[in-house]
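Once you've looked at the hints, dock chain B against the given chain A.
2 protein chains.
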Amino acid sequence: MITTKLIPRTASAHEPPMLIKQLLAQSLKYEPQREIIYRDLFRMNYVTFNGRVRKLANLLGSLGVKGGDTVAVMDWDSHRYLECFFGVPCVGAILHTINVRLSPAQILYTMNHAEDKVLLIHEDFLPLLHAVKSQLTTVESIIIISDKVYAEGGSVEVPEGFAGEYEALLSDQSEACDFPDFDENTWATTFYTTGTTGNPKGVYFSHRQLFMHTMGLMSYVCGYQAVPFSALADVYMPITPMFHVHAWGFPFLATMLSTKQIYPGRYEPEMLLRLLLKEGVTLSHCVPTILNMLVSSPAAQQFKPQLSKWKVIIGGSALTKGLAKAALELGIQVYAGYGMSETAPIMSVTYLNDLERPLPIDEQVDLRTLAGRISPFIDMRLMDDNGQFVPHDGQSLGEIVARGPWLTQGYYKEPERAEDLWRNGWLHTGDVASITPDNWVHIADRTKDVIKTGGEWVSSLDIEDLLSQQAGVAEAAVIGLPDEKWGERPYALVVLKPGVEAAAEALRSQLQAKATAGEINKWYVPDRIVFVPEIPKTSVGKIDKKRIRSEMKDVLLNG
Amino acid sequence: MITTKLIPRTASAHEPPMLIKQLLAQSLKYEPQREIIYRDLFRMNYVTFNGRVRKLANLLGSLGVKGGDTVAVMDWDSHRYLECFFGVPCVGAILHTINVRLSPAQILYTMNHAEDKVLLIHEDFLPLLHAVKSQLTTVESIIIISDKVYAEGGSVEVPEGFAGEYEALLSDQSEACDFPDFDENTWATTFYTTGTTGNPKGVYFSHRQLFMHTMGLMSYVCGYQAVPFSALADVYMPITPMFHVHAWGFPFLATMLSTKQIYPGRYEPEMLLRLLLKEGVTLSHCVPTILNMLVSSPAAQQFKPQLSKWKVIIGGSALTKGLAKAALELGIQVYAGYGMSETAPIMSVTYLNDLERPLPIDEQVDLRTLAGRISPFIDMRLMDDNGQFVPHDGQSLGEIVARGPWLTQGYYKEPERAEDLWRNGWLHTGDVASITPDNWVHIADRTKDVIKTGGEWVSSLDIEDLLSQQAGVAEAAVIGLPDEKWGERPYALVVLKPGVEAAAEALRSQLQAKATAGEINKWYVPDRIVFVPEIPKTSVGKIDKKRIRSEMKDVLLNG
Chain A
1 MITTKLIPRT ASAHEPPMLI KQLLAQSLKY EPQREIIYRD LFRMNYVTFN
51 GRVRKLANLL GSLGVKGGDT VAVMDWDSHR YLECFFGVPC VGAILHTINV
101 RLSPAQILYT MNHAEDKVLL IHEDFLPLLH AVKSQLTTVE SIIIISDKVY
151 AEGGSVEVPE GFAGEYEALL SDQSEACDFP DFDENTWATT FYTTGTTGNP
201 KGVYFSHRQL FMHTMGLMSY VCGYQAVPFS ALADVYMPIT PMFHVHAWGF
251 PFLATMLSTK QIYPGRYEPE MLLRLLLKEG VTLSHCVPTI LNMLVSSPAA
301 QQFKPQLSKW KVIIGGSALT KGLAKAALEL GIQVYAGYGM SETAPIMSVT
351 YLNDLERPLP IDEQVDLRTL AGRISPFIDM RLMDDNGQFV PHDGQSLGEI
401 VARGPWLTQG YYKEPERAED LWRNGWLHTG DVASITPDNW VHIADRTKDV
451 IKTGGEWVSS LDIEDLLSQQ AGVAEAAVIG LPDEKWGERP YALVVLKPGV
501 EAAAEALRSQ LQAKATAGEI NKWYVPDRIV FVPEIPKTSV GKIDKKRIRS
551 EMKDVLLNG
Chain B
1 MITTKLIPRT ASAHEPPMLI KQLLAQSLKY EPQREIIYRD LFRMNYVTFN
51 GRVRKLANLL GSLGVKGGDT VAVMDWDSHR YLECFFGVPC VGAILHTINV
101 RLSPAQILYT MNHAEDKVLL IHEDFLPLLH AVKSQLTTVE SIIIISDKVY
151 AEGGSVEVPE GFAGEYEALL SDQSEACDFP DFDENTWATT FYTTGTTGNP
201 KGVYFSHRQL FMHTMGLMSY VCGYQAVPFS ALADVYMPIT PMFHVHAWGF
251 PFLATMLSTK QIYPGRYEPE MLLRLLLKEG VTLSHCVPTI LNMLVSSPAA
301 QQFKPQLSKW KVIIGGSALT KGLAKAALEL GIQVYAGYGM SETAPIMSVT
351 YLNDLERPLP IDEQVDLRTL AGRISPFIDM RLMDDNGQFV PHDGQSLGEI
401 VARGPWLTQG YYKEPERAED LWRNGWLHTG DVASITPDNW VHIADRTKDV
451 IKTGGEWVSS LDIEDLLSQQ AGVAEAAVIG LPDEKWGERP YALVVLKPGV
501 EAAAEALRSQ LQAKATAGEI NKWYVPDRIV FVPEIPKTSV GKIDKKRIRS
551 EMKDVLLNG
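Going down the list, the protein sequences come from chains A and B.
Letter by letter, the first sequence follows residues 1 to 559 of full-length UniProt numbering.
Letter by letter, the second sequence follows residues 1 to 559 of full-length UniProt numbering.
Chain A on its own, in the form it takes in the complex (with noise of 0.2 Å):
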């Protein structure tokens, strides 16, 4: 560091921090009579909107919640939800955001390890909160949540030993509450992520880092317009669960900038495209399954002209090249955006630049199935096993690594973890890409498929695209295993299509071939292909790489 010069700052002079409650009071500056609503059920301006979160506020206060304190939701995507983005954090406790699709023994981990004291629980969730909650240690009151109440004359039974119902207890509180001035740097928001091993790991994130993602996506979609968002025109519905990395944090940013702002509940086909026609959704965000679905219903050319003012931005897995042509023809916008739970969550996001927009309609799809170009504020590159930088050539792997300003800065209570993510003081996301000059990313692998032979790495996504394209080949899994020589060297498990005969040389002299005519990289065609009959996978239908490692080494290696 550098010896500079710092303001000078007279006793009374104030400078305010950077807090989320800043958010909260913009909703108000301009126009307060703009809407929030909850699929047919519930409709609310930002006037109403900002005194329930006052409300909330007073109400976890009347609960005994303090600075510091945790408190759990486990909700659909509504307005109870949003209203918690910002209660809870604005008198300086914690938001869990609880993810209800963990099995019960995960959702109990982390339970007691956020150490939550409030729980505000949907009536949908109670069958997983009684699997758990003997076991419950920290605990101390729990809200239910319930639709049925914003029906004429509905009611919602309170389960013995809950505090009551979340409407309820709302109206019982005063709309009077100053949200309290504390350190930038404290605690707002906290999740977990599940990996292959070892238990949840819990990602957290302070009012600084909520604050400057939201002027990072901010200058992202109304600054440079990569997605074009502006509080004039545009509607806004998360179909990303809001448990999931703050719904990518656009809840912070349409509240901020009091657009009308769609929560849709449970997601429900029929409801989603009922709202999406009805309050004129404009923009979305979700998993690229939810687009297909509405992509290949019947419902979409009939409604072509309502959803060509659509934009979409996929993330959760990759944005096939079939999903977002289609998407595209139907006159939708679809974009790609890459980030995880540790960077809260905007790492890359799809943005076309003046050279690129004019493109035809199938080089943008080239560019639109890419994760994007790398964020504002965001220091992305790419870094090899001895610590060192690859080139941003478009060619080069390496692990992406990140500095900015809102990604987690460890593990709760997991020091050596944490310590492994950010070595060499970079995030490390376990993700392998090349990354063009100009910026665009481009995932290759995950670090532990990837294969490092002779010194370069070869993405093993690669290798299987490849043979998925030969004759004959209807499936294959691509792993790197040990070799003297190399380091490690490609092997390759292959389905093949019914009818086809097993022929693994003749198989690998036709790569063979193609290297040597200079159409492949030589280091691409593996040492062994294998035939079998099918390729371990999954729960979630994935191949089993982990599997295939331990499973298969020997068949592999020696046939």
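Mixed in with the good hints, there may be bad ones.
Which copy is meant is left open, because identical chains are indistinguishable; a pair holds if it fits in one copy or across any two.
Said to hold, decoys possible - Computed list of lysine to aspartate or glutamate pairs in DMTMM-like fashion (alpha-carbon distance at most 25 Å, straight line):
{"#": "1", "residue 1": "309", "residue 2": "354"}
{"#": "2", "residue 1": "278", "residue 2": "354"}
{"#": "3", "residue 1": "545", "residue 2": "488"}
{"#": "4", "residue 1": "413", "residue 2": "15"}
{"#": "5", "residue 1": "148", "residue 2": "554"}
{"#": "6", "residue 1": "311", "residue 2": "354"}
{"#": "7", "residue 1": "5", "residue 2": "184"}
Keep in mind that the hints were calculated from the coordinates and are not lab data.
Chain B in isolation, oriented as in the chain A frame:
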């Protein structure tokens, strides 16, 4: 302060400080081919610009500039100035933007007071420099700037003792430069504001403050679209000097967004218009005089189609209804902004919300000539003499006080004036205003001119307006004078139109009748009206209330 839990940080974790270099880095990320243009003399893309900024950093290093040193600039609005906006603070030095309109004695005072070590000076200002050069106590190196070098074979004579000419010195430097990290509270810029008494006061801003100002401005113009601004479509040209409060911060935002930017050099009407048309400028800011000059020029009607893409924010003095209407009728979108040297400067800017955007032009004019709506992230209040807040009811007057992320934290080496600025923990603007419940700011007066009568604050400007509207009145000046019963009472000087007979009591009765009829507030009627042949004015043509108070008190009180 309540107690909260801060985020834990593992030893190797990294979180970047908010520095101006991060804004600069963005300019290369997506649209490096866009251009920065200086008059009809010089154009470059952002790659070249970034290279030149790094060369400037190396040049400063070669002159011995270290963190905390001050580098002063005297130039017209230019690409060179923009290079200094980034190059100087990015090496940890302080940019002193010298107000070239100050007297030589004031410039001398500010340069010695700021401890300028290096001076970059356009040759047009050499006479100013020569007048004071022998008395400069801290300057070690002077770099001469000239436009002549951009002409084929053009050159400029380097005065004896100068370090050299800017372009020649830059060309000697390498582009290799890694800007260091340092504390985000590092002093980045400084400049001086002159009042009616005492020496010029030095205000100053940190990297964090300028970063946040850029985010606030981006929220305004890109997020809320208060003055619709998109990096995709807009072309920016400042017509407020860059020495004047960072040209309102737009150069930082436009550079971060790699917007096409035009720097017009010395303001010459013909050149401004030529650049406006040739480069397709869509966004500028200027004082009313410049807009008026343009709107009333014969060229305006001729170029109406092109001008109708131009958005202009007016600041410096009030936008009149006449000028606003004339501009709007030409298709020029006019906006008003309010701020001051102490506030970096953005405090409020016109924002028409969903309900106001469809209003007819005359009603829009009423709104657009206000001082705008309170800026994102700025907490603006009205305060009375006892430090109590005054309601935002659109009627009550109070002094504008503010808190926010980009307000000067004092006056350099002026501890008493700094504490007075920040008394009660709020920055005091010296401006009296009312604020509507929906955040429109209406500036009514200066605190020293507002008349405090019977517990009410009355705007002297409002009474002057009222008097001016009466038959026979050419001009009026109103001041408050002490009154035993009411604290203060208004007294007026009136200049009559030629041939009109003076009748003070008739004029007062006329106003009294209006008060009785409830048309005006009864406190508005001056205790005495004195007719004079002319009203004392300052050198810049403003009513000199200080002189009226000192020289005409007796005649006003006693007739």
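Would you list, in rising numerical order, the hints stated earlier that this structure does not obey?
5
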